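Make a model of the complete structure from these sequences and hints.
Line order of the protein sequences matches chains C and A.
Each step along the first sequence adds one to the number in my numbering, with nothing skipped, and position 29 is 29.
If you want my numbering, it's the 1-based position in the second sequence plus 1000.
Check each hint, because a few of them may be wrong.
Stated by the list, open to error - Taking lysine-lysine and the DSS-like style, the derived pairs with C-alpha atoms no more than 25 Å apart in a straight line are:
id : chain 1 : residue 1 : chain 2 : residue 2
1  : A       : K1086     : A       : K1142
2  : C       : K37       : A       : K1082
3  : A       : K1082     : A       : K1072
4  : A       : K1086     : C       : K37
5  : C       : K91       : A       : K1086
6  : C       : K37       : A       : K1142
7  : C       : K91       : C       : K37
8  : C       : K101      : C       : K91
9  : A       : K1040     : A       : K1068
10 : C       : K91       : A       : K1082
11 : A       : K1142     : A       : K1082
12 : A       : K1142     : C       : K91
13 : A       : K1331     : C       : K178
14 : A       : K1082     : A       : K1068
15 : A       : K1068     : A       : K1086
16 : C       : K101      : C       : K37
17 : A       : K1086     : A       : K1072
Claimed, not checked - Here are the simulated distance ranges between beta carbons:
id : chain 1 : residue 1 : chain 2 : residue 2 : range
18 : C       : A23       : A       : A1112     : 17 to 27 Å
19 : A       : L1070     : C       : K91       : 30 to 40 Å
20 : A       : N1283     : C       : Y154      : 27 to 37 Å
Said to hold, decoys possible - Some chain C residues judged to face chain A by a derived CB distance under 8 Å, without partners named:
id : residue
21 : V40
22 : V47
23 : E63
24 : F64
25 : V67
26 : V70
27 : M71
28 : G75
29 : V79
30 : L82
31 : F83
32 : M86
33 : L87
34 : A90
35 : I92
36 : T143
Don't read these hints as lab results, they were simulated from the structure.
Remember, it's a predicted structure, so these values are computed and weren't measured experimentally.
The C-beta atom is built at its ideal place from N, Cα and C for all residues, glycine as well.
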Amino acid sequence: MNAVLLAADGVNVAQNIGFGIIAAGMIFAALCVVSTKNVVHAALWLVVVLGGVAAQYVLAAAEFVAVSQVMVYIGAVMVLFLFGIMLTRAKIGEESGLNNKGWAIGIPVAVVLFGLLAWAVLDTYGDDTIAEPQLTGANNESTVDIADRVLSPYLAPFFGMTFVLLAAAIGAIVLARKD
Amino acid sequence: MISVLAVEIPYWGQSLLRVLGGLVAVLLPAGAIVYLFLFKMMSFMQSRLGPMEAGPYGSMQLLAEVGKWLQKEDISPDNVDKTVFKLAPVVVLLSTFLLIVVVPFGPEAVFADLDAGVFYFLAVGSVSVLGILMAGWASANKYSLLGGLRAAGQLIAYELPMVLATLGVVIQAESMNLNRIVEVQNTEAIFGFEWLGNPFVITQFLGFLIFMIAVQAELTQPPFDMPIAESELVSGYMTEYSGFRFLMFFIAEFATAGVFAFIAATLFLGGWGVPFEWFGWDNLDDVSWWMNIVGPLILFTKMLALVFVIMWVRFTYPRFREDQLQTFAWKFLIPLSLANIAVTAILKVAV
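Have a look at this one:
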């Protein structure tokens, strides 16, 4: 991120700096997730990463998506993760043998994935700048917009998705119940 | 906030005021609840006087208690996971402070006027589970771990009826903005009485009951205190905590009671407002500026009334067994709240 780009017209400097700080924190936490020697610590670092995603959404004035992120990932998925880990193996202190034998293969996969995503984003948006975020409160109708779209043009996919989730829930019960 | 004082406050000043306001809005109710209900009401219900020595009627007892906790040695057992052990009470207390952000105290006295306010408090309210799980695991104690797991299971189970009970209000108010919900309750009429407004506790009475039961369980107050059941688990996930770390859990418990009561008052009892008909206001923009000062007092009174009910139940009923507690949530409250949503939605369209 160079100074010329920051000072260009229509670029919100404060927002970019905030993005950089949060992104750096997320990368650090993500590295900790894969390098820590304790399963519970890894899960807690993952909470930091997911919280960072929510913070990025807030920075982009996507408040509804940010709240959904907290609700689904931090409030439900991570609690379930921790619950599962603590019910099964939850030693305090360092553990050995957490690494898979083929862990090194993950590095080229990650690099290729990063390159692909970076290329896709840069190719699509190039030098575009994000529109100024709207104020919160009465001027911000983003939640209402989402509701309007989900319940009129996208009603059929929305219903389809609910049935997929319902099928998954029923499937989980069938698999888990032996009697 | 700016227009009340009629002076321009710079952004850092506003932020500072918000932080100070948040501290007051969390700690003042917590103190009031502990003194009025935990010390005095509990004592009177048990035919004793409660604290009487510190100050008139023991009113300075809180200061003495806080002083006592702060003086204690900061003990953490040898085998605990130090970082997580110390972080856990902070996470629990932090989620309480994050909750107060959306509570509207007046037409303009709001920390953040979020469009998705209802959704926000439901999401942030579930963060405290993380802190409880962290405390339970990091304590390196089987009682603590069991307490933490019980707490997580209970909070997950009772979050659903809470979300579903709130949906009834959202459907009726047609908004997730808490200030808009207050406005709707105070401008509409019920049975043609405009002077009463339309507090949702009347039309959503079932939702109100489910919400208050879920709040009781989310706060792990008796009769839902399986996670800290002292006859089985010493005191659950808090067993290894002492001194000011225990104090943080303690403050968080009662501050969260206050914040949830604020939110329940906003959703069901008309929040900070009085029926706008009384003063001839038409909508939120019409409301006089002095409601920013009177509003918090009205909300505070309603909060105390609701916490009184929470505490009344707490001191009255014996503890649920773990399986009864789960059955009650999954097999009774959730179907009931789904039925409530269906009926509310049908009436909303039909009437």
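Violated constraints from the hint list, given by number and in increasing order = Per hint list: zero violations.
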